[in-house]
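S.K.: Residue numbers (my numbering), protein chains in the order written: chain G, 2 to 510; chain L, 374 to 685; chain S, 115 to 211; chain P, 49 to 161.
Derived from the structure by calculation, the hints contain no laboratory data. Note that beta-carbon positions come from the ideal geometry of N, C-alpha and C, so glycine has one too. Among the hints, a few may not be true.
Stated by the list, open to error - Covered stretches of chain L (in silico footprint by chain G; criterion: 3 or more residues with CB under 8 Å from a CB of chain G, positions within the stretch not fixed):
1) 481–492
2) 495–507
3) 525–534
4) 563–577
5) 631–640
6) 644–658
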Amino acid sequence: MMAPALPDMPTAGGFLLVLAIMLPIAGVLLQFMLGGRQAERIALLVMPAGLAVAVAVTAALMLSGRPLVYHLGNLAPPLGLALRADGFSALMLMTTALIVSAIGLFARADFATPTGTVEARAPFVFWTLLLALWGALAVVFLGQDLFTLYVGLELLTFGAVPLVSLDGRAETLTAALRYLLFALFGSALFLAGTVLFYGEYGTLDIALLATRTHPDTTSAIAVAMMTAGLLAKTALFPFHLWLPPAHAGAPAPASALLSSLVVKGPFFLVVRLWFGAMPGLTDLPAAQLLGALGAGAVLFGSVLALCQPRLKPLIAYSTVAQLGYLFLMFPLAGGVGLPASVRMAVWTGGAVQAVSHAFAKAAMFAGAGLIGQALGHDRISGLRGVGRALPVTTFAVAFAGLSLMGLPPSGGFMAKWLLVRASIATAQWWWAALVFAGGLLAGGYIFRIIAPALSAPEKPLPAIRTPARRREVVVLALALISVLLGVVPFGLTTLLAVGNPTIAHIVPR
Amino acid sequence: MTMGLLLDFFLVILALAAGWWTIGAKDSFGAAVAFVAYGLVLALIWVRIAAPDVALTEAAIGAGLTGGMLIGASTRLESAKQATRAGGVTRRLAIALSALVAAALALAVLGLPHPPPSLAAAAMAALPPTGLGNPVTGVLLAYRAVDTLLEKVVLILALLGTWSLAPDRLWGGRPGRKERRNAASPLTLLGQVLPPIGIVIGLHILWVGANEPGGAFQGGTILAAMWMLAVMAGLVDVPAISRTWLRLLVVAGPGLFLIVGLAGFVVAGGFLAYPPGFAKPLILLVEVVLTLSVAAILLLLLAGPPEREPPR
Amino acid sequence: MSLVRDILTVLSVTAGAFFFLAGTVGLLRFPDTLTRLHALTKADNLGLGLVVLGLALQTWSGPAVLKLAVVWLLALFSGATVAQLIAHRARDDRPGE
Amino acid sequence: MNAEVLFGLAGAVLAGLGLYGLVADPAPLRKLLAFNLLGGGVFLVFGVVARRGAAAGLGGDPVPQALVITGLVVAFAATALAVALLRLLFERTGQTLLDTAAQERTSPDQADG
Numbered sequence: 002m003m004a005p006a007l008p009d010m011p012t013a014g015g016f017l018l019v020l021a022i023m024l025p026i027a028g029v030l031l032q033f034m035l036g037g038r039q040a041e042r043i044a045l046l047v048m049p050a051g052l053a054v055a056v057a058v059t060a061a062l063m064l065s066g067r068p069l070v071y072h073l074g075n076l077a078p079p080l081g082l083a084l085r086a087d088g089f090s091a092l093m094l095m096t097t098a099l100i101v102s103a104i105g106l107f108a109r110a111d112f113a114t115p116t117g118t119v120e121a122r123a124p125f126v127f128w129t130l131l132l133a134l135w136g137a138l139a140v141v142f143l144g145q146d147l148f149t150l151y152v153g154l155e156l157l158t159f160g161a162v163p164l165v166s167l168d169g170r171a172e173t174l175t176a177a178l179r180y181l182l183f184a185l186f187g188s189a190l191f192l193a194g195t196v197l198f199y200g201e202y203g204t205l206d207i208a209l210l211a212t213r214t215h216p217d218t219t220s221a222i223a224v225a226m227m228t229a230g231l232l233a234k235t236a237l238f239p240f241h242l243w244l245p246p247a248h249a250g251a252p253a254p255a256s257a258l259l260s261s262l263v264v265k266g267p268f269f270l271v272v273r274l275w276f277g278a279m280p281g282l283t284d285l286p287a288a289q290l291l292g293a294l295g296a297g298a299v300l301f302g303s304v305l306a307l308c309q310p311r312l313k314p315l316i317a318y319s320t321v322a323q324l325g326y327l328f329l330m331f332p333l334a335g336g337v338g339l340p341a342s343v344r345m346a347v348w349t350g351g352a353v354q355a356v357s358h359a360f361a362k363a364a365m366f367a368g369a370g371l372i373g374q375a376l377g378h379d380r381i382s383g384l385r386g387v388g389r390a391l392p393v394t395t396f397a398v399a400f401a402g403l404s405l406m407g408l409p410p411s412g413g414f415m416a417k418w419l420l421v422r423a424s425i426a427t428a429q430w431w432w433a434a435l436v437f438a439g440g441l442l443a444g445g446y447i448f449r450i451i452a453p454a455l456s457a458p459e460k461p462l463p464a465i466r467t468p469a470r471r472r473e474v475v476v477l478a479l480a481l482i483s484v485l486l487g488v489v490p491f492g493l494t495t496l497l498a499v500g501n502p503t504i505a506h507i508v509p510r
Numbered sequence: 374m375t376m377g378l379l380l381d382f383f384l385v386i387l388a389l390a391a392g393w394w395t396i397g398a399k400d401s402f403g404a405a406v407a408f409v410a411y412g413l414v415l416a417l418i419w420v421r422i423a424a425p426d427v428a429l430t431e432a433a434i435g436a437g438l439t440g441g442m443l444i445g446a447s448t449r450l451e452s453a454k455q456a457t458r459a460g461g462v463t464r465r466l467a468i469a470l471s472a473l474v475a476a477a478l479a480l481a482v483l484g485l486p487h488p489p490p491s492l493a494a495a496a497m498a499a500l501p502p503t504g505l506g507n508p509v510t511g512v513l514l515a516y517r518a519v520d521t522l523l524e525k526v527v528l529i530l531a532l533l534g535t536w537s538l539a540p541d542r543l544w545g546g547r548p549g550r551k552e553r554r555n556a557a558s559p560l561t562l563l564g565q566v567l568p569p570i571g572i573v574i575g576l577h578i579l580w581v582g583a584n585e586p587g588g589a590f591q592g593g594t595i596l597a598a599m600w601m602l603a604v605m606a607g608l609v610d611v612p613a614i615s616r617t618w619l620r621l622l623v624v625a626g627p628g629l630f631l632i633v634g635l636a637g638f639v640v641a642g643g644f645l646a647y648p649p650g651f652a653k654p655l656i657l658l659v660e661v662v663l664t665l666s667v668a669a670i671l672l673l674l675l676a677g678p679p680e681r682e683p684p685r
Numbered sequence: 115m116s117l118v119r120d121i122l123t124v125l126s127v128t129a130g131a132f133f134f135l136a137g138t139v140g141l142l143r144f145p146d147t148l149t150r151l152h153a154l155t156k157a158d159n160l161g162l163g164l165v166v167l168g169l170a171l172q173t174w175s176g177p178a179v180l181k182l183a184v185v186w187l188l189a190l191f192s193g194a195t196v197a198q199l200i201a202h203r204a205r206d207d208r209p210g211e
Numbered sequence: 049m050n051a052e053v054l055f056g057l058a059g060a061v062l063a064g065l066g067l068y069g070l071v072a073d074p075a076p077l078r079k080l081l082a083f084n085l086l087g088g089g090v091f092l093v094f095g096v097v098a099r100r101g102a103a104a105g106l107g108g109d110p111v112p113q114a115l116v117i118t119g120l121v122v123a124f125a126a127t128a129l130a131v132a133l134l135r136l137l138f139e140r141t142g143q144t145l146l147d148t149a150a151q152e153r154t155s156p157d158q159a160d161g
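So here's chain G without its partners, still in its complex pose (with noise of 0.2 Å):
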């Protein structure tokens, strides 16, 4: 109905979106060439230059209310490539700046070089791959060609890849393999509906795209291959078995990382697949098929991790879990007919909620890497009197708990609130049920953590490393962002709803 006659022109700004990618590639190239000690600092240089292009890009957008656009080369697809920023492109964008500089703040300490050596293995690799993931997100989020996206997916599993492996255990050798083994599964089978897509459309370019896709059995079954193949890279239920050893035995940074932003890469595609590409596809039950694989996965991964006898695997099943609250977006936002109101909360609801389990499961897995260092271990069953050793570190998890657990004021509150209303509203009450059942098994695996940290001790704690201060206020800022994202869902609103074009008419600006 709003499909737009002509494909996107580039916009003023456009070149931001080149500077987003670029940046921290180039950065990537330096601290591949200079390395040693020169890798963190390029990257803690990197850090502030890219938070402003995203600011700057989110800006761009919420004062033009028009999305930006970039063709590179100064050439139009079909030939050439574009770069688009959408209001979601932006919110992610955002996100994964935030991230990656929280996240490159905290491991200053686990990942400094030793001094006296010119250049260490772990810092080396950690710094050069959190600036390889930056821009490999920032390739998915931003670009607008099928391929080019395969290319940004590439990217982001060989950054996420090693370091799940960084520290050489035999078991962690095992999960990187074997979430390498996923990948290339998905990888393959994105391969083989981009090939469909360009031999029937004759482009990849995903606003030509929707501009010329009609259902019919090959744009089918393009569709379902790319989907399945990025399910097996996001994890969703029942692709998720390489998910929980590859985030727990990584370094706390780098599950922190993996958990919050990775998984969220091909999601997003899934999104720009099922609403940009191929508008209209969200009527078939195919979406429904997709929501019930999310109910699969918070059900699955909400018992599984009540289960987990230590911290950071518990977290990892809850990764599971959350990510499928992400996939009721397909069943809410479809339907012929469906008023805007609705489509507006469901979007809205299924971006607070990407954003808010993101800040919320990075600030979960670095308090889960401190209480670690301090304890010398993370098992649940010795956790009691964490909360007085750590009283700032607690309180974080305890917050990106609240988030995660959907209580209110939370982000997690206001993602899950608007996802409830979107079901009633379209009469789909299972899927309501299903966000309370997730969030009572929700509470019931944060209450395994928070209740014995909360606690006194049997005995005093054996002498315990206290984290620096520095990096308790990290991960608590993370936390309290993931709070105080339920506070501001319409402000989210107005950001979203530019160049979205089911939404973008009744927003008022």
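We have chain G already, so just place chains L, S and P on it with the hints.
M.R.: The following block gives chains L, S and P in isolation, referenced to the frame of chain G:
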């Protein structure tokens, strides 16, 4: 049925047989050898469907590098404990899934529209300003330059990931074991005679790539192979990964590409745009440096993580 | 003239194909590594040479003939080296020597 | 039946074969071989799409051909990283099995596969 189609049928049967053997072979060595055969048959098929650039790449990368690497891995892992075959249920599920995907893909291919969409005309029309004669090179270095740039970063990340598997104390050292030089070995002779010829051929492939099949990646692969040969003959050693020149060589290609791209902002009004009249020399310059970087990266990927103490 | 050339090409390539076939049969049927290598290298070098000769007759232009000759020489050279290496290895591995 | 249809169907079958190996074979090295087989099949479909798009005096659409070249490079990079992981895993543990369940699985009832 024409002779051509008969030949195509024959190639398809060969490819299917090699594929079947890759999956079904008893030992992984046999499977890896079958995979190389599969890659070579595919290269012939690429020639049959008028894609000589892809045929060269398939032969060099698909059959050559990938195949060689997998054969090497299969001999190294020979003594690994054999996994029990998957259970009956898993196998039946896998058969159902793969049959479903194959059938869907076949159905989708059969359902592709007539007349087919194509960017061939657009690609040719946009070629003159680049000064290139090979449209595939045009796509790789001009129209979709950002894909090629990011692909090189993917290679660097794979290299970094490979290095990251080294033990901490060996970080910065040389990959692999030192090959002993044996003057009596015929390999030494090959390692001395072939590289000069191979370097000429690699540079030739790079050079003609502007107008004919070939290009940076294919040329770089040949250079890497020559380097590897000299390493295997013990004539040169793989450099230590901490060497500054080596790091510079690895990032030079994508780095120069990025600088040229950014310069486009100033001189050509856009990222990765080439100023009129300077497109071809710039593209060739980028390609030459990319070739050298590709050669270094491929050699280092083949050599694996550092296994010897770093230089003090 | 061109007919003569065509006939020579057909003869040469057919002979080359025959040597390839013989070499392959030898590879499959001979009893041990050294005899297999013998069959393979002799037949392949000669076979490839004849095929190259046949093709050279068809192109009949300086650079193309040169390229074909280089292809043959390189194959000859690397084939000989690899055969040597395999033979060395086979001799070293032979029990009791 | 023409060459495009023939190669397209071959690509589909090869992709199916590769997918089977990737899912069903428990040995990671075999999974990796199967992944490359699968990739070859998918790339062949790219080739068919390119061939169908022959126009403007070209034997095929250069865009999908160039995409395959990039795709082959990326697949090689993936294989290299996986082989490095696999070799290290073998050096550390003497085996390359992905899950402990497969190690513990008793062979008699599964030996027939």
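S.K.: All hints, please: hold or fail.
M.R.: Results for each hint:
| no. | hint | verdict |
| --- | --- | --- |
| 1 | 481–492 | holds (count 9) |
| 2 | 495–507 | holds (count 3) |
| 3 | 525–534 | holds (count 7) |
| 4 | 563–577 | violated (count 0) |
| 5 | 631–640 | holds (count 5) |
| 6 | 644–658 | holds (count 4) |
In summary, the structure is inconsistent with hint 4 from the numbered list given earlier, while agreeing with all the others.
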